[in-house]
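Undergrad: The chain contents come next:
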Amino acid sequence: MLLDLLHFDFLRHTFLTGLLIGIIAPLLGSFLVVRRLSLLADALSHVTLAGIAFGLFIEKQFLFAFSPLYAGMGFSIVGAVLIEKLRSVYQAYQEIGIPIILSGGVGLSVIFIALANGFNTDLFGYLFGSVSAVSKGDFYLIIVITIIVLGTIFLFYKELLTLSFDEEHAVTSGIHAKRIHFLFIILTALVIAASIRIVGVLLVSALMSLPVAAAMRLAGSFKQLIALSIMFAEIAVIAGLVSGYYLSIPPGGTIVVIAIILLLLTFIKDAFTKKGGAQVHE
Amino acid sequence: MEESVIRLENVSFSYDQKLILENINLNIKRGMFLGLVGPNGGGKTTLIKIILGLLRPDQGNIYMLNQPIEKFKNWNKIGFVSQKANTFNKGFPATVYEVVSMGLTAKLGYLKRINRKMKQKVLDAIDLVDMGEYAYQNIGKLSGGQQQRVFIARALVSQPELLILDEPTVGIDYQNVEKFYKLLHQLNKEENITLLLISHDTGVMTEYASDVACLNKTMHFHGNTKEYSALSTEYLSEIYGHPVQVIVHDHE
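Heads up: the protein sequence lines correspond to chains A and B, in order.
Each residue of the first sequence is one higher than the one before, starting from 0 at the first, in numbering that gives the first Met the number 0.
Each residue of the second sequence is one higher than the one before, starting from 0 at the first, in numbering that gives the first Met the number 0.
Hints were generated in silico from the structure; no laboratory data involved.
Each hint should be verified, as a subset may be incorrect.
To be verified - Taking lysine-lysine and the DSS-like style, the derived pairs with C-alpha atoms no more than 30 angstroms apart in a straight line are:
hint: 1; chain 1: B; residue 1: K28; chain 2: B; residue 2: K76
hint: 2; chain 1: B; residue 1: K120; chain 2: A; residue 2: K177
hint: 3; chain 1: A; residue 1: K222; chain 2: B; residue 2: K118
hint: 4; chain 1: B; residue 1: K225; chain 2: B; residue 2: K70
hint: 5; chain 1: B; residue 1: K76; chain 2: A; residue 2: K222
As the list claims (entries may be wrong) - Pairwise CB distance ranges, derived in the manner of DEER restraints:
hint: 6; chain 1: A; residue 1: K177; chain 2: B; residue 2: Q16; range: 24 to 30 angstroms
hint: 7; chain 1: B; residue 1: E21; chain 2: A; residue 2: H175; range: 31 to 37 angstroms
hint: 8; chain 1: A; residue 1: G136; chain 2: B; residue 2: M117; range: 42 to 48 angstroms
hint: 9; chain 1: B; residue 1: R115; chain 2: A; residue 2: V105; range: 50 to 56 angstroms
hint: 10; chain 1: A; residue 1: F65; chain 2: B; residue 2: S142; range: 57 to 63 angstroms
hint: 11; chain 1: B; residue 1: N223; chain 2: A; residue 2: I99; range: 52 to 58 angstroms
hint: 12; chain 1: A; residue 1: K177; chain 2: B; residue 2: G222; range: 37 to 43 angstroms
hint: 13; chain 1: A; residue 1: I110; chain 2: B; residue 2: Y14; range: 41 to 47 angstroms
Each residue gets a CB set at the ideal place from its N, CA and C atoms; glycine is no exception.
Work out the full structure, taking the sequences as your base and the hints as a guide.
TA: Rendered as structure tokens:
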């Protein structure tokens, strides 16, 4: 693959995109996991699918060439806003927004897929990821998303961490929890849209949660959690893309399986040292 | 005249048409160590939420550092420690240093990061609660009493004038409770921090508090600890609605 990387632009784009989402997906994922919002990524990825199906439908119907990724990103952001709205409507059952948005996303996807005359290879790539799908345009979009995500996290790191650790304290000390949370959920929507080309709709949440789950076993501090998560995600992305390319398997599958193997390794490490990373001590 | 840190005038609050607080007057002066006691369901936590600006009273006035609460902006002068030793997510991968530095988040404001001077302040606060040797350890691995000290350090790092503690000793074993009150006493006397401590246990608290307020819908008593200790058990039982015994601890 390394030699091919030099020869084929599309491979280079895929590979670099993989490296970028290997940073931003676990970075956002670290906050999602500690806030117990891992499923949020699932809900948003299914809404993104609806957007992509809508994009494919428009493309087909009106022969209007634009990347379905933009439609996916738009839907994902709207989904994120709706989840926030539902959270404030059902204050006692804040997680109820997640299944509502998830099923709504799948429902819309089915309708748009049918309208666009069913499955095609493009859609298969969006579901499970693809090594050849990243176009130059997509690549630039993902660079922009990465810059936005890294910049925002850099600027609002202390607010996000404070809010994630203890929302009540954050609010009583005068932090605008709602604004920060909204910003965060929009970032999540962006990261999902960016990751979908490589890992696919169905597995994008895995890239945000599995490396974090593995890092959680070893990390003593939040900064360590982020660093280890990114390290695990990069290993999974690089090994997953290379093996997916040679075995002709969609990289979503290989990336996730490698991430799970890394997670299992942390369990083995635990068994030997008999010292849990993030166990609850009472 | 002594300066008030918090003053409540005729504050009433009801929830779902049920009166929770009725005509509460409270005056916390600078340097006080006030223990707010009363039975569960007597409105202690509601009163704290009103003082923290999380709930609005139906009537009455509240002054924070002599400013009407509606205009009060210096929230970083008010430190709050809740019953977190019991409820926070113990699996959260954060060090003591990280947790304490969160106390500066609101004070610094958006877009400002912790610099070297701030870092020293965080370490000083950790030292103050005697947790220096644990600064870079995972908070989830500490004991309940140690965790509570960390939360106090988090409240202290923004250098508050008033520290509000809601049942801070729940879930801490007896020996550490004594140690904990000694720390509070030290903060009150040496660091000059006004303290408001909510507790349903009047025992150890009366040993260290300078003043006591007893709340059960209305304010039944508001005075110094000596006067409180002199109250008859009959009177206190009436307030609590069940028999109580005041245990006055003596220093040996």
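Undergrad: Does K177 of chain A lie within 30 angstroms of K120 of chain B when you go C-alpha to C-alpha?
TA: Judged against 30 angstroms, a Cα distance of about 28 angstroms means the pair holds.
Undergrad: Are the Cα positions of K222 of chain A and K118 of chain B separated by 30 angstroms at most?
TA: holds, 16 angstroms
Undergrad: Does the Cβ pair N223 of chain B, I99 of chain A satisfy 52 to 58 angstroms?
TA: holds, 56 angstroms
Undergrad: Given the hint of 57 to 63 angstroms, is the C-beta distance from F65 of chain A to S142 of chain B inside that range or not?
TA: holds, 59 angstroms
Undergrad: Starting from K76 of chain B, check that the Cα of K222 of chain A is at most 30 angstroms away, please.
TA: holds, 28 angstroms
Undergrad: Take the C-beta atom of G136 of chain A and the C-beta atom of M117 of chain B, compute their distance, and say whether it sits inside 42 to 48 angstroms.
TA: Given range 42 to 48 angstroms: holds, Cβ gap about 43 angstroms.
Undergrad: Hint check: K28 of chain B vs K76 of chain B, CA-CA at most 30 angstroms. Holds or violated?
TA: Holds: K28 of chain B and K76 of chain B sit about 15 angstroms apart, inside 30 angstroms.
Undergrad: Is the Cα-Cα distance between K225 of chain B and K70 of chain B 30 angstroms or less?
TA: Not satisfied, since the Cα-Cα distance of roughly 36 angstroms exceeds 30 angstroms.
Undergrad: Please check whether K177 of chain A and Q16 of chain B have a Cβ separation lying inside 24 to 30 angstroms.
TA: Holds - the Cβ-Cβ distance for K177 of chain A and Q16 of chain B, about 28 angstroms, lies within 24 to 30 angstroms.
Undergrad: Does 50 to 56 angstroms hold as the CB distance between R115 of chain B and V105 of chain A, or does it fail?
TA: Check passed, 51 angstroms falls within 50 to 56 angstroms.
Undergrad: Note whether the CB distance of K177 of chain A and G222 of chain B lies within 37 to 43 angstroms or breaks it.
TA: Given about 41 angstroms between the Cβ atoms, the range holds.
Undergrad: Do E21 of chain B and H175 of chain A keep their Cβ atoms within the hinted range of 31 to 37 angstroms?
TA: holds, 33 angstroms
Comparing the model with each numbered hint stated earlier shows that hint 4 is the single one that does not hold.
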